[in-house]
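Please put together the full structure from these sequences, using the hints given.
2 protein chains.
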Amino acid sequence: VRVRVLGSAAGGGFPQWNCGCGNCLGVRAGTVRAVPRTQDSLAVTSDGERWAMLNCSPEVRAQIEAFPSLHPRAPRHTPITAIVLTNGDLDHCLGLFSLRESQPLTIFATDAVRAGLTESIFYRTLERFPGQVTWKRLVLDEEVDLGNGLRVRARAVAGKPPLHLAGRAPSAEDNVGLWIGDQRHRIAYVPGAADVAALSEPVDCLFFDGTFHSENELIELGLGTRPARDMAHIPVGASLAALAGVAARRRIFTHINNTNPILLDDSPERAALTSAGWEVAFDGMELSL
Amino acid sequence: VRVRVLGSAAGGGFPQWNCGCGNCLGVRAGTVRAVPRTQDSLAVTSDGERWAMLNCSPEVRAQIEAFPSLHPRAPRHTPITAIVLTNGDLDHCLGLFSLRESQPLTIFATDAVRAGLTESIFYRTLERFPGQVTWKRLVLDEEVDLGNGLRVRARAVAGKPPLHLAGRAPSAEDNVGLWIGDQRHRIAYVPGAADVAALSEPVDCLFFDGTFHSENELIELGLGTRPARDMAHIPVGASLAALAGVAARRRIFTHINNTNPILLDDSPERAALTSAGWEVAFDGMELSL
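Protein sequence lines, in the order shown, are assigned to chains A and B.
Its first residue numbered 1, the first sequence is counted upward by one per residue in the numbering used here.
Its first residue numbered 290, the second sequence is counted upward by one per residue in the numbering used here.
No lab work stands behind these hints: they were computed from the structure.
Since this is a predicted model, take the numbers as computed values, not measurements.
Keep in mind that a hint or two might mislead.
[Unchecked claim] Covered by chain A, per the in silico footprint, the following chain B stretches (three or more residues, Cβ under 8 Å): (1) 331 to 340; (2) 345 to 355; (3) 434 to 442.
[Stated by the list, open to error] Distance windows between CB atoms, simulated: (4) B:Glu408 <-> A:Ala166: 10 to 20 Å; (5) B:Asp554 <-> A:Pro75: 19 to 29 Å; (6) B:Glu431 <-> A:Ala272: 58 to 68 Å; (7) A:Pro75 <-> B:Ala455: 20 to 30 Å; (8) B:Arg426 <-> A:Asp141: 47 to 57 Å; (9) A:Arg124 <-> B:Thr563: 33 to 43 Å; (10) A:Arg128 <-> B:Asp554: 26 to 36 Å; (11) A:Phe129 <-> B:Glu431: 20 to 30 Å; (12) B:Ala536 <-> A:Gly147: 50 to 60 Å; (13) A:Pro170 <-> B:Glu408: 49 to 59 Å.
Beta carbons are placed, not taken as given, at the ideal position from N, Cα and C, and that holds for glycine.
Structural data, given as structure tokens:
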């Protein structure tokens with residue numbers, strides 16, 4: 001099983017277009033030890049030929065071009081044989097509308113996530129011909145064949161419906177984590193989680209929600225009014241302890257907000273998570289399991 | 290008046306994610322004399338402080354980061370004081386949903402373009418608080434103040450409704466060109482046009498539809514079934530002659546499709562348009578008028 005981190009930032013990316021916080025100013029000016037990051041997405045393969053893309057960020061075009069394994073091998077072609085969505089947030093789905101050049105797509109999602117996407121009138125751009133999109137249903141706790149030598153199981157993870165569906169009745173299918181692997185190796189990909197309840201199974205590699213470091217990060221910076229858990233993200237400070245007992249050879253935070261001090265290679269917060277056996281994802285990071 | 294080309298490619302960009310044509314293969318491999326391009330957008334200012342962004346491409350985040358004049362100058366800030374849309378195509382509008390981090394936006398568009406956008410359920414992500422988006426109406430042939438020392442007049446240009454509204458009754462407001470300037474200088478920005486009927490007024494600089502070079506470009510490459518004009522784009526081969534009589538100090542093709550031979554700096558098609566006094570836009574191109 002090979003994994004490529006296509007993007008490792010939370011919604012808005014790092015730096016964020018309208019943000020002048022210390023991290024964003026510093027990474028633009030080159031005065032902090034941090035690298036820019038695009039928005040959260042992974043690519044996974046077992047044979048190096050057929051790739052599953054986990055989430056589809058607004059920056060998907062640049063992410064594909066930065067990774068030759070995802071380039072086309074014919075006049076019209078893509079090695080991306082499956083796209084798997086963890087929720088309906090625009091930073092995880094908007095990129096689908098950048099993949100609309102008459103290319104057949106196979107998208108795995110829960111019914112709730114599918115409904116939130118297909119309700120947009122923009123979805124008609126993915127219905128240019130019959131069969132342009134083949135939907136495959138993710139049923140909670142059921143293993144599904146991704147068609148590329150890998151299987152996936154989605155589990156409900158504490159979260160929220162996407163902003164554009166705010167006010168709807170919440171569903172356990174709004175936000176899932178993905179357990180993906182072959183007969184020998186397995187990764188867990190949980191980029192958004194308000195708690196760690198779904199996490200217990202041993203995995204080779206765990207990618208987990210690293211959006212915020214502390215509960216009141218945005219409030220203390222004067223950049224927001226809501227605590228982390230109110231936005232359905234358990235802060236790194238809490239998840240480090242809560243996940244200490246979960247068996248994983250590698251543990252990697254991803255979906256990192258631009259304000260998070262773990263973005264800085266030399267911050268005390270980074271040192272603390274390194275001591276605890278964790279890593280921080282970066283764009284272009286690759287793993288072989 | 291200063292102009293920055295933020296993006297110069299047609300929908301899909303150059304190279305296009307699923308395209309293995311000669312141009313796309315060559316630019317990825319570095320074996321042709323061409324540079325990659327993001328999707329069509331311009332930024333215009335008269336004072337260097339307040340910028341109008343013309344169209345908002347899916348790649349807007351990277352386009353902003355690549356141009357320091359558009360970076361924030363406070364913890365939450367943007368120098369982009371106006372966004373002006375020429376039509377409702379997703380390659381011109383999808384980027385609005387990447388500018389949703391609680392930043393007030395002022396968007397200038399015709400009623401038809403506004404309706405096509407706000408009809409999407411995704412638009413709720415731009416309605417997080419009252420006044421997040423201020424819409425300013427573009428009425429055909431009426432001059433409007435952009436609020437940054439520049440004025441804009443939209444004119445109807447032969448085009449089509451966006452793909453996601455296909456089948457609706459067409460409107461003269463579906464596709465416009467923009468004439469923008471101050472008391473002394475004026476540019477025209479017409480990135481999509483099925484004919485040249487709207488073009489006659491002398492301008493300092495004309496940006497014009499360079500999507501395709503020939504009428505059957507996609508058909509001859511085996512990459513599509515429709516001629517250029519059926520997709521509402523007059524080919525460069527025809528517009529060069531048709532626009533010969535329009536007075537413009539600089540003439541620049543933009544919105545260039547990945548298949549177009551004018552992308553190659555050393556192609557005969559490029560040499561022919563250079564001889565005719567035209568240029569080809571590239572990302573990062575800047576003009577001072």
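Quick rundown of the hints versus the structure:
1. With 0 residues having a beta carbon nearer than 8 Å to a beta carbon of chain A, the segment 331 to 340 of chain B misses the requirement of three or more and the stated coverage is violated.
2. Figure legend: the segment 345 to 355 of chain B, annotated as covered by chain A; annotation consistent (7 residues with Cβ-Cβ distances under 8 Å, at least 3 required).
3. Given a C-beta distance limit of less than 8 Å, the hint that chain A covers the segment 434 to 442 of chain B is violated, as 0 residues qualify and 3 are needed.
4. At roughly 18 Å, the beta-carbon separation of Glu408 (chain B) and Ala166 (chain A) lies within the given 10 to 20 Å, and the hint holds.
5. The hinted window of 19 to 29 Å between Asp554 (chain B) and Pro75 (chain A) holds, with their beta carbons roughly 23 Å apart.
6. Our hint of 58 to 68 Å for Glu431 (chain B) and Ala272 (chain A) holds, since their Cβ atoms are close to 60 Å apart.
7. Between Pro75 (chain A) and Ala455 (chain B) the beta carbons are some 25 Å apart, a value that agrees with the proposed interval 20 to 30 Å.
8. Roughly 51 Å separates the CB atoms of Arg426 (chain B) and Asp141 (chain A), a value that falls within the hinted 47 to 57 Å.
9. Between Arg124 (chain A) and Thr563 (chain B) the C-beta distance comes to about 40 Å, which sits within the given range of 33 to 43 Å.
10. Evaluation of the 26 to 36 Å hint for Arg128 (chain A) and Asp554 (chain B) yields a pass: the beta carbon distance comes to about 33 Å.
11. As the Cβ distance of Phe129 (chain A) to Glu431 (chain B) is approximately 40 Å, the hint placing it in 20 to 30 Å is violated.
12. Between Ala536 (chain B) and Gly147 (chain A) the CB atoms are about 58 Å apart, so this pair conforms to the stated range of 50 to 60 Å.
13. At about 25 Å, the beta-carbon gap between Pro170 (chain A) and Glu408 (chain B) misses the expected band of 49 to 59 Å.
Violated hints, listed in ascending order, are 1, 3, 11, 13; each of the other numbered hints is respected by the structure.
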